[in-house]
Each structure stands twice: as structure tokens, then as C-alpha cells.
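Enquirer: Chain residues, written in single-letter form:
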Amino acid sequence: MGSGVLVQVVLGGLANGAILGLVALGFSLVAGTVRVLHFAHGDIAVAAVFVGVLAMIGRAPIAVALAPLPSVVFVLLVVAAGAALSALVALFVVLPNLAIPGGGRRRAGDAFGWIAGGLGAGLLLREVLGLLLPEQGYAVPDPFRLERLVHGGLVNLPGGVTLPIRAVIVVVIGLGVGLIAERSLVRSRFGSSLRAVADDPEGAALCGVSARRVVMWAFVVAGLLAGLAGVLAAPGRAISVDDGAVLGLEAVAAALLGGVGSLRGALVGGLVVGLVQALAVYALGAGLYDVAPLALLVVLLAVRPPGIRARTA
Amino acid sequence: MIDVAQALWLLVAALGLSLSVSYAGLPMLGQSAFIAVGGYGVALLGPGGVGLPLGVAAAAAVLIAALLGYFTAVGLSRLDGAYLALATWTLAWLVQRILLAYPGVFGGPEGLTRPVPAHLVSRSLGVETVLTTKINLVFAAGICVLVLLAFIRMGKGPGGLDLAVLRESPQLATSLGVAVAARRRAVFTMTAVLGAVSGVGSTVLLGIISPSDVSPLLSLQLFVAVLVGGAARWWGPVLGVALVSVLASVADRLGSVGDVSPERLRGVLTAILLLGVLALRGPLGRLGRTAGRVIQPTRSTLPVPERQVPTLEGPVELSATHVSISYASVPAVDDVSLVLRGGEVHALIGPNGSGKSTLLHVLAGDVVSGEIRVGGRSCRARGVRDRVLAGVVRTPQRSVVLSGLTPAMQVAVGARVGSPSRQAMLRHLFATPRSRVEAERVRAVVGAALRETGLLGVSDTDPVRLTVGEQQLLQVARAIATGASVFLFDEPSAGMTDGERQTLRAVVRGLATAGAAVFIVEHDMRFVGAAADFVSVLDAGRIIASGTPVRVRDDPLVREVYLGSSLDGGAGGTHVEADRP
Chain S
1 MGSGVLVQVV LGGLANGAIL GLVALGFSLV AGTVRVLHFA HGDIAVAAVF VGVLAMIGRA
61 PIAVALAPLP SVVFVLLVVA AGAALSALVA LFVVLPNLAI PGGGRRRAGD AFGWIAGGLG
121 AGLLLREVLG LLLPEQGYAV PDPFRLERLV HGGLVNLPGG VTLPIRAVIV VVIGLGVGLI
181 AERSLVRSRF GSSLRAVADD PEGAALCGVS ARRVVMWAFV VAGLLAGLAG VLAAPGRAIS
241 VDDGAVLGLE AVAAALLGGV GSLRGALVGG LVVGLVQALA VYALGAGLYD VAPLALLVVL
301 LAVRPPGIRA RTA
Chain H
314 MIDVAQALWL LVAALGLSLS VSYAGLPMLG QSAFIAVGGY GVALLGPGGV GLPLGVAAAA
374 AVLIAALLGY FTAVGLSRLD GAYLALATWT LAWLVQRILL AYPGVFGGPE GLTRPVPAHL
434 VSRSLGVETV LTTKINLVFA AGICVLVLLA FIRMGKGPGG LDLAVLRESP QLATSLGVAV
494 AARRRAVFTM TAVLGAVSGV GSTVLLGIIS PSDVSPLLSL QLFVAVLVGG AARWWGPVLG
554 VALVSVLASV ADRLGSVGDV SPERLRGVLT AILLLGVLAL RGPLGRLGRT AGRVIQPTRS
614 TLPVPERQVP TLEGPVELSA THVSISYASV PAVDDVSLVL RGGEVHALIG PNGSGKSTLL
674 HVLAGDVVSG EIRVGGRSCR ARGVRDRVLA GVVRTPQRSV VLSGLTPAMQ VAVGARVGSP
734 SRQAMLRHLF ATPRSRVEAE RVRAVVGAAL RETGLLGVSD TDPVRLTVGE QQLLQVARAI
794 ATGASVFLFD EPSAGMTDGE RQTLRAVVRG LATAGAAVFI VEHDMRFVGA AADFVSVLDA
854 GRIIASGTPV RVRDDPLVRE VYLGSSLDGG AGGTHVEADR P
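Here the protein sequences come in this chain order: S and H.
Mapped onto my numbering, the consecutive letters of the first sequence carry residue numbers 1 to 313.
Mapped onto my numbering, the consecutive letters of the second sequence carry residue numbers 314 to 894.
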């Protein structure tokens, strides 16, 4: 095994990590503003993809190459589905249990409510889609059709190293979108509303910021990013409706590594988790694909227990 | 019959989970992991695996689960609610993925199969029993009944009280001397043990264990089952497991009719049940709320030990020397030295933000630079609980409303600090004579503390209905019940009516007369003048004056920083607004 293989392994890890970073960004955003752990987040990313698959392709577990226009529609559909599902979770599961002006009736807030509610929502998504799509794995079309850019989908580097172009472009898109989202969340008026609500929902309400609306938007943005992450991730390998929960937990590991509430940290954390995963699989076998990031998460929680009092950006 | 036995084993796991979730309020979502340890443990170690006798293998599997549960609890002890849920949920997925990652050991998705019925052999006794379904069912039912009885008994005793206050407010539990971390470890370990027992039982029953039997979905099903019953009611898990079992058979029926996967249908129904239970939790919770059946305070004064009558100059109960604490390099308490004497009410006054509450926190056990001596012994860098056991108790500034516990029960938690009995939980479980004496003592102490604070009339009221002043008096009563020798009261008179202030003054004077040292943060100078023997004034973390109320009131520096120099001599009626964080 030469250095060429290792370069590929690292690149694959980074590509996966960039995707994880997008999911982690949404998780961190919600955890930072709303002080809520978005338990259904990973399921939303995967469910969004399958909503697009059901709409554009149907229930057949075969990859159909989509023409350019349907490809665009597919991407938009998935991203919109992510946002919509996330908004539904916020509306029905999270807001009724929050201690914010315009939130639930319980003044103290009810963590048990949104924890169990988020898990229930994720489970419902998983299992309902599982009824419609019973196969173990689905090959999802690649709307960007990145392989076409270069002959054979591979880039030849000097020294006999070949890189899959897809992975390179996934890293570029993932990090690019992530950074744009991070910058605009930090700079914009919406970003300052987010931080206001994060610091003090009552105070923000007194300044005319609707905490309820800000919470909804945080979930919507998280859902958009999750949908995009799903589009980027899905064509990489056959996915099943059950992959969402573990994807979500891997993203949590990334968010914790970067510091909950830190958006830039989430992107970096994603890359680290992706690398750890790729190297663990490379060194110790494919069985560790999920085991390594999950174990990392448990260890992180034990060693560096996060407080829920994190700040955004 | 197999279905019934299986449901009973599920109930064992649910009962174990309810200990963490309902009784201790820990959102534990990884019970399937411990079931897996039990099930795979017995399959790997027992006949067909390593080949240990079935009983030994079962015991070993449960022991491994207990150790894992204990160390998980230690590892995750610093996590708060939502992150604990996250960590245990991750554990459920991690265990399932590990099972799938090593098919050589765990048999992959097909799992491990073992001969049925299993044989229970004892060479030393020369007995061989065939574990038929019927015998397995009897085992399961027996364990369920034992656990249920233990839970019902526990709910009425000191253990139930500890867990209830832990569930409502861990901080308050610590401040009343409950060993929060140890209780959590014990509860978590017990949950793991019962999970493993359930795994062992159903694996022996079915002769097969596979990753889909211990999927995270099972964790959620058990969580729903426990949630159905709400907080701390033994029949909750019974009802919940019955519901989950019915749903499972409904799913199987529907699956065979509609040609869809019954596993998926189970998942959908579980999700709907979970979301439904959450929506209906309010009404369900009210359904089973019963109050006041645990502790009935006795009205006799007899068994309360009398405190010593103080001498003229009381003994030094607590002394602080050069105590400092700073937050982000801003000193909050700056080189404070003071002495609290038995028989004396010592008031602490000072502007908002001068560090009064922080000083109380430090005296009550927060880590500190400087020296604190309690009853002549140094207490450097000890925790809150050790300070409580040494006889120093603090009431928080904002009253902690424990909505689930009647005033009498809340005071009873405090009363247990003075308990000489170790392992009170176990003693109570087996109703030893000593536990009865202890229960008698607790009732008497509770009665006395409630009477002193004038709360006897509301001892069984829903605490949410108490007035702000009554809440404050209740905090004082909880502290009194601990039998402490040093009381640190953080602005107890905030929000009190005049009548309640009178009561508070009498209580405070009464404690001093009985020999205790009382340190009280107070803004109302009239109250200070009437109740305190000694006053210290804190400004910017430093004590700028101390002495008798009259002397302090006339001190020019104090008048400048606190009382306001425009104030004319004897009025002293300043009531600075209570500081709220």
C-alpha cells in the first residue's frame, strides 16, 4: 500500500468530513441558539434525500441517471424537503416544550419533551420511509454528475496518484457552502437576532426580536444544510433509510469537537471526524465505519462534557 | 406462553429503566445496550459458547453489565440531562454497530443460536433442570414480582425520597446532604443489571439473540413504556410494556395482512405512541398525582433532641480566614475573615453585587483559597455535601420549588442528614427494626421543623400553591430539619409579608437561642435591627465594617456605600430592592 492509497483514504475522509460538517453546522446552530439538541437532524438529512428519490425516481432501488433539468429539480426538492421537515419538527416537537416567549405553556421548559419528541420524530421519519422503501440500500443518482467532468472520474496527479474527482468537488462544495453559511450567519441581521435569542430570549423579545420566529429559522437553515449534505452524501454509497440516526450522531461528534455553538468549529470538527473514520477503516477494517465515530462521540462526552450554555459563532 | 414470558422479560428491563428515568429523572436511552450485554454474554460464555455452566454464564453476564453500567455512570457523571440522553442513545447505536462489525464473534445479522430448552446443571448438587418455557416464565414472573415489591417499598421510604429530590433538583439534593453522584451511579448500575437479566432471560427462552433483538428501537420502546406511567409509579412500566406488547402483535397482524415489514410497522407504532404519550403527558401526569402519603409529621414534640443552651459568648462554630474567590480574575470575595458563633444571629448586608451570595456559597462548600474551619476542624476544599454533613447548611436565594414533593416530604429529605443509619435504603427495604426507629425520628423532626416555621397547616399542600413567603419558610424548615449547627440563609425574607417576617424573626432567634450560629443575608435594616446580634457589611467583596447593628448603622463608611448618607439617624427603614440574578 503506497502513499497513493493513503492520499485517497485521506481525501475520502475529507469528503465525508465536509458533508458531516454541513450536518454538524445545523446541529451546532440549533444547539447554540435554542439550547436544544436536534435529535432528528440526521434522520432529516437522509429522509430529505428519499423524499426527492420518491418524487423523481420512484421506489426502484436502481440508480437512474437524471437529465440536467430533473437534476436541478431533484436538488431543490431535497433541500426544500430538509427545510420543511426541520420546520415541522421545530413547530410540533420543540417549540411547545421551550421556555421562550411564544414557546410552550410550561414556563420552565421541558427538556424531556423535546428530547423524546425529537427521537420520536426521527423514528417516525425512518420507519415510515422504511415502509415505502424496504430495501437494505439504495443507489441515489448523482445530480451534479461530477464523474463526467474528467475522463473516468479520476484525476491523475504526478507520482501515479489518482484522485476521484467527486471527492475533491464534494470537499469544495461542502466547505464552500459551509463557510458561506457561517459568514452570513455571523454577519447578517438574522445572525445577530440568533445571538440575541441565544443569550437571552426574554431580552430579545423586549427588543422586538420574536424568539419563536428566530427558532423556526434556525431549524429551517439547519434543515436546508442537512438536505444539501444529503444530496452530496447519497451518491457516494448505497444508503438506507436507517442511516440517518448514525449520521446525526456522527455530526454531533463533529459539533462537539468544534465546540457546541461554534459554526466554524463544526466545519473543522466534521473534517476531523471524517478523517478519523477513514483512517480507522483503512487501518482496522470496514467494520469500524460507524463504530469509530460513535465511540469517539462517547469518549468526547465523557472526557469533555459540554455545557448547554454555548454561544453561537 | 412464549409471548407472555417474553413480555415479562421485557418488563424486567422496563422496570430497571424506570429506576433511572422515572425515579431518578435521568433520561436513559441505552437500555438495549445492557440487554445486549446480558443476551450475548450468556450466549458466548454459556453452553454452546465458551461452555461455562448456564448459571455461571448468566451470573457472569450480569456482573459484566453491572460493571459496564457502573463505569458508564462514572464516565458520564458530569453530563446534564439532554447530553446524558444523547450519550446513552449513542451507546445503544454503538453496541449495535459493534455487534454487526464483528460477525466472527457475534454472528453478524443472524446473531447466535443456542439449543432450546436450555439445561440448568449443578454438579455439586447433582441436579439437572430442563428450562422449559413454563419454568422460564415462572422465573420471569418471580423476578418481576420481586422487583415490583422492592420498588413499591422503596417509594415509601428514604430511598424514594432521595431519588425524588434528586429528580426535582440535584443542586438542592446536594445542599440537603444527599450523595447525588453515588445515588446516580447506584441507580444506573441497577438499571444495567436488570437490563442484563432481561437479556439473559429472553436469550435462554428463545435460544437466539441477534442485533435486531437489541436494536436502538428496543431502547425507544422501553423508554415509551416507562414514559407512559409518568414519574415514579410502579404500575407505569407494567402498563407500558403491556401496551408495547399489544402494539407489537398488532404490527405483526397488520404486516401479514398488508404485505409490509412488521418490524417497520412496530417502529411506526412506537413513534406514534411516543409522540402521543408526550402530547398526553399533562393529563396522564395529573391522573396519578397523589400527595402526602409518604410522610405524616407527628405532632408530638418528644423525640426531638434539645440543643444545648448557649453560654454568654458562644463557641466558634465556623471561622473563615483570608477567604477569596474570583471569577475570570474579578474578585467576588476578597480576603474575607469572619467568625460565626453559636447562639448568635449574624446579619450580612451590602449593596447588590457586593458578593453576599458568593460568600455564602464559599462558606457552604465551594472551592476556595483561604481556610474555613467548622467546629474547630479545617474544611479545606471540600464539597457542599461534606459541609452539610459537618453541620453547615445553606438555603438558596431563589427558592427552589419542588413541585412533585409535599412540604412534609421536602423537610423529610433534610431530616435524613442527621440520620445515624448507613444504608438506610436497604434497611428500609427489609424493614429492619432500626429503620422503623429512624422513620419515627424523621417524622418527629419533620413535625418540629414545620411547627417552628408555622407551616404545619400546609404540610400536605401542593408546593406550587404556597406563597412566596411560605416557599422561603419551607427552605428554612428543610435546613432546620438537617439539625445543622451553622445556618446560612440567603435573603429568606425576600417577598415575605409582614406576618411571615415575624415568623422568620422568631425562627431565627429560636435557632440562636438553641445554640446554633445563624448567618443571614438581609436588606431590610428594620429586620436586621430586630433580629441580629452582629452585622457585617460587604462591599465589592470586602468586609468594610462589622459590629452591633447600632454601631454599624452609624458607621460613616457604611452610610456612604450602602445606607445612603441622606438617611437620618434612627429611621433605619431602608429596604433595598432584593437583587435578582
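Don't read these hints as lab results, they were simulated from the structure.
The reader is advised that the hints may include incorrect statements.
Said to hold, decoys possible - Each pair of labels, with its calculated beta carbon distance range:
no.	chain 1	residue 1	chain 2	residue 2	range
1	S	Leu284	H	Ala853	45 to 51 Å
2	H	Leu739	S	Ser192	52 to 58 Å
3	S	Val64	H	Gln484	39 to 45 Å
4	S	Ala60	H	Ser390	28 to 34 Å
5	H	Leu376	S	Ala286	28 to 34 Å
6	H	Phe743	S	Glu202	46 to 52 Å
7	S	Arg304	H	Ser637	38 to 44 Å
8	H	Val643	S	Glu202	46 to 52 Å
9	S	Ser192	H	Ala853	45 to 51 Å
10	H	Thr634	S	Glu202	40 to 46 Å
11	H	Gly364	S	Leu54	28 to 34 Å
12	S	Leu284	H	Thr634	45 to 51 Å
Said to hold, decoys possible - Listing some non-contacts, in silico: residues in chain H with all C-beta distances to chain S over 10 Å:
no.	residue
13	Val363
14	Val493
15	Thr634
16	Ala819
Claimed, not checked - Here are some of the chain S residues that sit facing chain H, going by a computed Cβ distance under 7 Å:
no.	residue
17	Gly113
18	Leu123
19	Glu127
Cβ coordinates follow ideal geometry from the N, Cα and C atoms, glycine included.
Enquirer: So which of the earlier hints does this model not fit?
Expert: 1, 3, 4, 7, 8, 9, 11, 12
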